[in-house]
Structures are given as structure tokens and as C-alpha cells.
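Use the sequences and the hints to build the structure in full.
Heads up, the sequence shown is in UniProt numbering, so the first residue is 1 and it goes up one at a time.
Hints may contain errors.
[Unchecked claim] Simulated DEER-style distance windows between Cβ atoms: (1) Arg44 - Thr249: 18 to 28 Å; (2) Pro67 - Thr261: 27 to 37 Å; (3) Glu104 - Ala157: 29 to 39 Å; (4) Arg44 - Arg214: 22 to 32 Å; (5) Glu258 - Gly217: 15 to 25 Å; (6) Arg274 - Ala145: 20 to 30 Å; (7) His225 - Ala265: 15 to 25 Å.
These are calculated hints, taken from the structure and not from any lab test.
Glycine is no exception: its CB is placed at the ideal position from the N, C-alpha and C atoms.
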Amino acid sequence: MQMYPVEQAALAELEAGLARREASAVPDQARAVPAKAAGGVALRVNQVVKRYDGRTVLHDVALEVAPGEFLAIVGRSGCGKSTLLRLVAGLEAADGGSIAIDGEAAATGRARPADVRVMFQDARLLPWKRVLDNVALGLPRARRAAAAQVLAQVGLADRAQAWPARLSGGQRQRVALARALVHHPQLLLLDEPLGALDALTRIEMQALIESLWRRLGFTALLVTHDVAEAVALADRIVLIEDGRIAMDTRVALARPRERGTAGFAQLEAEVLQRVMRPSPPAAGPAGAQAAVPAAAAPLNVSWAA
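Okay, here's the thing in C-alpha cells:
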């Protein structure tokens, strides 16, 4: 669903308010951590079910992600992959099953754990705030220096005083990434964050995300339509098909990965072939002709935090 700039800004302000509330609940000495994540957390999804208007979108999904692991979820539009990410983020509640982050039940509703951050396809920058102020949203004044430090990590130290309207699409996503990383997340959720970028900028951003993930050690969960992106970044690739996990494969390629190599191309082709395979028709009464399944309604992949 396309959102108007005013709506995007209001949602960004809401997220800033939540971040300020999270920060105020943590003692000052606990917030004074170095610009490095404490490491990733484990994620466990146990038989999760989600329904919308009587239609089941996720069917008993079970998934485990190890601390520091990079997991990519692929699948056709409407398969349920972004819904699963929203449940993990605590933006919606599951209708069945459970989700545990580092052994603790994930929050539901608008709140989410302070060590979990989400990056969306739309950067959601406040147009009336400069780049540095966008990154520092929700931070106490004592930690504004951390915002400048993270901007340098994403290669935008020289754009700290620029207005968002003056940035390219790739630069805006770098700012969004910095805004997520400044909170030292142990779990970073990525919902098609590079989908609107051109091919070359997308590859540059993939390399940046991988570099920061390897350096900071957070757990990453990426939802993407781009199989090549999944192969380039992930330790494991999971395919969701009609709300069920249809494939879970480990990527046994050395890092950094190079597109065009035989191993990369082979794995990309195998995963893409599996994604494109038609789903089997639903079983019906004996002797009855199987009905052609209706096309799944597209899900909103720009859900607001």
C-alpha cells in the first residue's frame, strides 16, 4: 500500500516516541555501550498461525534462527513472508503458536523489544529534519555522537547536515540503516529494504549490510523477492509457499560471495526453480475435481513500525 509523506512522517514520529520510551527505561550506564552490538539473539518460531478475515495466511510455521545467523525468506507475493516478519517484530499478534526472542516471548502490539529493529522498503525519513537528526530520533542528547559515528559507518559522514530531499534513494536507505543500527540491535528485521533501488545501488547496499552484519554480529532476518540477494547475503534460505515452509536450505558458499561464479549461479537457479514451481492443488473430496486456487491477495510490505 502506497503511503503519503505526511502519513510516513507521522509513523516515523511514533517510532521515535517508542524509542525514547525504551531509552528512558534503561539506566544511563547501560546505554553507554560501544558502537558494536553485543551479538545476535536466538529466534524461535513455534507452530505460528495467522489469519486475516477468516483466511489463514500462515499455517503452523516453525523456524529456528541461531544467534548471529543471517536468514533470508523468499517466496511469491502474498505467500506470508512479510506477515511472519511483522509477527516477529511484535507489530501484530499471532492467532496461534508462539515466538521467542532470546528465550523470551516476543511482545505484541505496537511495542517491541529494545534490541529489535526493523528496516523497511520505504526509508520513512522526516523531511523537516536533517540527516543526523533523523538518525538520532529517540536518542538522549548524550548519545547524539553515536548517531554521527553510525552515519560514518554507512558512508554518509559528509551528509549529516543534508535534508532528506537532497539524498538519492540509496542514500536514504543508508540513513534508515544507520537509524536502526544506532540502537545496537541484536535482531535486525529487513522487509524488502532494497526493493526500490536500482541494480547497482542495490548490490552496493547488500555489500554494506553484509559488512556491518559481519562486524557487529547481530542476527538478521531478511524478507526479499530477489533470490540473488538471498544467495548473496544469507547463511540459510527459507521458502514460504502458501503460508507454509516449503524449503530450508543452507548456503554453503564462502564469503564474500561473487556473482557469476558457478556455485553462486547454480544455487540461485535451484532456489529460483523451486520458488517458481506451481503449488499442488488442494485435496478435495474423493472423485471431485480439484478447484483452481484463487490468487492470494497481495500483502502490504510497507507495514509501519
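>> Hint compliance check: list the failing hint numbers for this structure, sorted ascending.
In response: 6
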